[in-house]
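**Student:** Numbered per my numbering, the sequence shown spans residues 0 to 624.
Hints in this document: simulated from the structure, not taken from any laboratory. Wrong hints could be hidden among the right ones.
Keeping only pairs whose Cα atoms sit at most 30 Å apart, straight-line, the calculated DSBU-like set for lysine-lysine is [claimed, not checked]:
1) 284 with 149
2) 283 with 308
3) 283 with 424
4) 475 with 281
Note that the structure is predicted; figures quoted are calculated from it, not measured.
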Amino acid sequence: MIDKYTVKMSLFSYLLTYLFIGYCAHGASIPQQSISIQRTDLCDSKIYCDGELLKTVQLAEVFPDSKTFVDHYQLQDPDVTMANFAAFMTATNGEPNRNQIAKFVEENFALENEVLPWLPPDWEPYPPLFKIIEDPNYRDWAYGLNHIWKNLSRQMSPNVIEHPERHSLIPVENGFVVPGGRFQEFYYWDSYWVVEGLLLSSMPNTARGIISNFLSMVRRYGFIPNGGRVYYLMRSQPPLLIPMMKLYMEFTNDVKFLSENLGMLEKEFLFFHRMKTVNVTKNKKTYLMARYIVNSDGPRPESYREDYKLAQMFKTNESQRNFYNNIKAGAESGWDFSSRWFIPSNESDMGNLTDISTSDIIPVDLNAFLQNNAQLLSKFNNLLGNYKKAKLYLNIAVSYQIAIDEVLWNDEEGIWLDYDIKNEKPRNNFYPTNLTPLYTNSFNFSQKEYYAKRVVEYLKSQGIGKYMGGLPTSIKQTGQQWDSPNAWPPLQSIVVQGLRNTESEPALSAARELADRWLKSNYIGYRESEQMYEKYDATNPGAYGGGGEYVVQPGFGWTNGVVLEFLFTYPDLTPNENTYIHEDDKNNTIDPLIQLIQPRRRFNKLLGETRLINFILKNETKEIS
């Protein structure tokens, strides 16, 4: 894509050398913020979040998929529903059978028409930017994906707006794009690639509406829930709201929208910075680092039966609660689920869900995302003239950067690795997210050649070249959907764009090759089924992935967004086998796009290095008040 992050880490090298001499990561004080941060579990419905009604229905397995019940709405107000349930339990002596429970659900709940089809006003059948795609087959494919936006676009039913207490849906003002399949509500981190795809499809107003919906969540709850249901209010997802705003600004230069909502961007960042961080000590130095952590009792409502049954393997209330918290933290990571979060007692064992210890693991991607968020908040504040606050966020970004360098970078392996704080050691396993610091520019850009060389060598050492259907999520086959052989769209984006950010060969060639394979695999599947899927099989180009708690879902929002991203990043690629790999990747892919999307370039210029360095030299740090 077009220079996704123009302010390179050479700036950080400069700053670390000249501005922060004596700055010590383990001694740096984290500013105390006066912005009110809500507790993490706001899910208090006795119908959709916990309680006997939920437990009775879910354990009876009225529906094959636990999510189905909690997506039903109530035909009457909650107090009437609860009164009906109490009478029902009395009439059945507290031991209703499955058929009786199914009848109770039928009499008190319904499923249809909560969200309605919606045609975004800025949708058009042939977006002008698509002309950059040179291959006619790929261009026609892009037009087909553009039509899928219509199929995935939704707006709230008036009933949800008028009676929100009867629904698990969280009402929002603007139309939105759902992932597809069983997911008929919006999701947090999915929406980053959805927003990107919409912007490339010349739909900035729709993208702005989606971002506005998320901003309203921050305003209402203090954070963005996992998705658009009340039962997701117990957790968030990877923090990508601030990068979404940057994407939107790159395409529109809508500084007024940024100015009006900067406070909510800061509030969302501070939710993670204050609620998800822990002190990590390594080599006698202490660093503030982030992890996924949830404090919430009971099973996930949308996977109640599955969680409840697994919890019975634990003998104490404390161990069950710990399991529930870690399973929810795993869902918060977006990786539900993966060997990445397992810490088995026997290190030779790959583990299973009973070994989940998400909150004992410091993830590379989360810390890189937060480092990048702090960078962006610094740049946004600088752009708007808030120079002292900009320096404050830059200090936080540098603190995260030092922690990433000192705790997560593993020079022996030549890659960043998740860190196990329980056993105080790196987790030497392949995951595409190991490359996230390249994606977020959370590395010293003056050493880009070194990082590029080491990371490409790392990918080769993991045997990634043999996977023709996409980059695998891991090289462990556990049956979990975020493990081998599944290949997930956002991870392809993170790796490809991360390699490109080094601006170095052979990383550029590796990025192009990985993008080429992903496009070919997705295109094969699309031609065979006219469907796009949430995940694919890395070992079988065109085949959809499997595993996990539900069958593979068609649609699919973030898949379409990543395909469009790659088609615009490499507009000369073709579905043919003999795709020519250009020696000068930058000349062949970036220049035509810059000519087409000038607003994006203008905004990036506003966030340039010179002003940022100047204001830091002139202004002092102050706490946010």
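**Student:** Hint by hint, note whether the structure agrees.
**Tutor:** Structure-based check of all given hints:
At most 30 Å may separate the alpha-carbon atoms for a hinted pair to count; residue 284 and residue 149 exceed this at roughly 52 Å. For the suggested pair residue 283 and residue 308, the alpha carbons sit about 42 Å apart, so the restraint of at most 30 Å is broken. Taken as a hint, the residue 283 and residue 424 pair is honoured in the structure, with Cα atoms around 14 Å apart against an allowance of 30 Å. As the CA atoms of residue 475 and residue 281 are separated by approximately 28 Å, the hinted pair is consistent with the 30 Å bound.
Violated hints, listed in ascending order, are 1, 2; each of the other numbered hints is respected by the structure.
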